[in-house]
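Chemist: Protein chains in written order, with the numbering used here: chain A, 1 to 115; chain B, 1001 to 1116.
Everything labelled a hint here was simulated from the structure, so no lab data went into it.
Don't take every hint at face value.
[Said to hold, decoys possible] Cross-link-like lysine-lysine pairs, in silico, BS3-like; alpha carbons within 27 Å at most:
#: 1; chain 1: B; residue 1: K1067; chain 2: A; residue 2: K101
#: 2; chain 1: A; residue 1: K42; chain 2: B; residue 2: K1002
#: 3; chain 1: B; residue 1: K1002; chain 2: A; residue 2: K57
#: 4; chain 1: B; residue 1: K1042; chain 2: B; residue 2: K1056
#: 5; chain 1: B; residue 1: K1067; chain 2: A; residue 2: K42
#: 6; chain 1: A; residue 1: K101; chain 2: B; residue 2: K1042
#: 7; chain 1: A; residue 1: K83; chain 2: A; residue 2: K42
#: 8; chain 1: B; residue 1: K1002; chain 2: B; residue 2: K1056
#: 9; chain 1: A; residue 1: K83; chain 2: A; residue 2: K101
#: 10; chain 1: A; residue 1: K42; chain 2: A; residue 2: K57
#: 11; chain 1: B; residue 1: K1067; chain 2: A; residue 2: K78
#: 12; chain 1: B; residue 1: K1056; chain 2: A; residue 2: K57
#: 13; chain 1: B; residue 1: K1056; chain 2: A; residue 2: K78
#: 14; chain 1: A; residue 1: K83; chain 2: B; residue 2: K1056
#: 15; chain 1: A; residue 1: K101; chain 2: A; residue 2: K57
#: 16; chain 1: B; residue 1: K1067; chain 2: B; residue 2: K1002
#: 17; chain 1: A; residue 1: K83; chain 2: B; residue 2: K1067
#: 18; chain 1: A; residue 1: K57; chain 2: B; residue 2: K1042
[As the list claims (entries may be wrong)] Output of the computed footprint for chain B on chain A, the stretches with three or more beta carbons under 8 Å from beta carbons of chain B:
#: 19; segment: 42-50
#: 20; segment: 106-115
For each residue, glycine too, the CB sits at the ideal point set by N, CA and C.
Take a look at the letters that make up each chain.
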Amino acid sequence: EPEVTQTPSHQVTQMGQEVILRCVPISNHLYFYWYRQILGQKVEFLVSFYNNEISEKSEIFDDQFSVERPDGSNFTLKIRSTKLEDSAMYFCASSDGKGPKNIQYFGAGTRLSVL
Amino acid sequence: QKEVEQNSGPLSVPEGAIASLNCTYSDRVSQSFFWYRQYSGKSPELIMSIYSNGDKEDGRFTAQLNKASQYVSLLIRDSQPSDSATYLCAVRKVVNYGGATNKLIFGTGTLLAVQP
Chain A
1 EPEVTQTPSH QVTQMGQEVI LRCVPISNHL YFYWYRQILG QKVEFLVSFY
51 NNEISEKSEI FDDQFSVERP DGSNFTLKIR STKLEDSAMY FCASSDGKGP
101 KNIQYFGAGT RLSVL
Chain B
1001 QKEVEQNSGP LSVPEGAIAS LNCTYSDRVS QSFFWYRQYS GKSPELIMSI
1051 YSNGDKEDGR FTAQLNKASQ YVSLLIRDSQ PSDSATYLCA VRKVVNYGGA
1101 TNKLIFGTGT LLAVQP
């Protein structure tokens, strides 16, 4: 069964460092997303991406964040200068369409720990 | 008012019983509704989706949607210890310009504990 793959599973970084989280969406999907979940809190939308551009972003997704599809398979989330409050699980998701019935499938997540 | 509200639980049911999980949402233009299951430390896994008023059944799971009352529920029949997890309600809504957003808005989840 196709799945969304995320690497690494756990990333530890020092405050102020840049991190790149990587995702390989399901191969025939066209819409890609990043969500995050701070420990003990709800899953929160960060950004959606389609046709090589951001289609929607949340208030959380400020100038410190960026996304990129550097090649035909990878989708990345970059945090330029990490803060302690960026520590969370980051989930990548993908879907094959934009209609109301399209389903988003989630990867296993990357746990980001900012020290 | 939270956009998607769930009782955090824990909801404890004995093995074999019916577990009933509820979710309310605040925005009437919400159009798509999803139940995801999340085991501790894992990612959300889709259980059910529902788009129209009424019931939708899939195996031991039944999703119920009432748009007039703005609630959606999930029933799990013959609950098993392996069903013990946090159940996340997620909503997708129409945006102001008449289009549809792909953004999912999640509730905080209800922790279900099925006792053997």
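Chemist: Hints first: check each against the structure and report whether it holds.
Modeler: Hint check results:
Taking the CA atoms of K1067 (chain B) and K101 (chain A), the gap is near 16 Å; set against the 27 Å cutoff, the hint holds. For the hint pairing K42 (chain A) with K1002 (chain B), the CA-to-CA distance comes to about 12 Å; that is within 27 Å, so the pair holds. Simply put, K1002 (chain B) and K57 (chain A) have alpha-carbon atoms about 19 Å apart, close enough for the 27 Å limit, and the pair holds. With a C-alpha separation of about 26 Å, the suggested pairing of K1042 (chain B) with K1056 (chain B) holds against the 27 Å cut-off.
In summary, the hint linking K1067 (chain B) to K42 (chain A) is supported, as the alpha carbons are separated by about 23 Å, within the 27 Å threshold. The hinted pair formed by K101 (chain A) and K1042 (chain B) meets the criterion: a straight-line CA distance of about 24 Å does not exceed 27 Å. Straight-line distance between C-alpha atoms of K83 (chain A) and K42 (chain A) comes to about 19 Å, which keeps the hinted pair within the 27 Å bound. Proximity of K1002 (chain B) to K1056 (chain B) is assessed by CA-CA distance (about 26 Å); at most 27 Å being required, the pair is judged to hold.
Taking the CA atoms of K83 (chain A) and K101 (chain A), the gap is about 36 Å. The hint is violated against a cut of 27 Å. Restraint check for K42 (chain A) and K57 (chain A): the C-alpha separation of about 17 Å stays at or below 27 Å, so the hint holds. At roughly 38 Å between alpha-carbon atoms, K1067 (chain B) and K78 (chain A) are farther apart than 27 Å, so this suggested pair is violated. Using a Cα cut-off of 27 Å, the hinted pair K1056 (chain B) and K57 (chain A) is violated, with the two alpha carbons roughly 31 Å apart.
A threshold of 27 Å between alpha carbons decides the hint, and for K1056 (chain B) with K78 (chain A) the separation of about 39 Å lies outside it, so the pair is violated. Distance hint between K83 (chain A) and K1056 (chain B) is unfulfilled; the C-alpha atoms sit about 43 Å from each other, more than 27 Å. Using a Cα cut-off of 27 Å, the hinted pair K101 (chain A) and K57 (chain A) holds, with the two alpha carbons roughly 21 Å apart. Annotation: proposed proximity of K1067 (chain B) to K1002 (chain B) holds, straight-line Cα distance about 17 Å (limit 27 Å).
The suggested pairing of K83 (chain A) with K1067 (chain B) is violated, with an alpha-carbon distance near 40 Å, which exceeds 27 Å. Of the supplied pair hints, the one linking K57 (chain A) and K1042 (chain B) holds, its CA atoms being roughly 24 Å apart against a limit of 27 Å. A stretch counts as covered by a chain when three or more of its residues have a beta carbon under 8 Å from one of that chain; for the segment 42-50 of chain A and chain B the count is 5, and the coverage holds. Only when three residues or more bring their CB closer than 8 Å to a CB of chain B does the claim for the segment 106-115 of chain A stand; here the count is 4, and the claim holds.
Violated hints, listed in ascending order, are 9, 11, 12, 13, 14, 17; each of the other numbered hints is respected by the structure.
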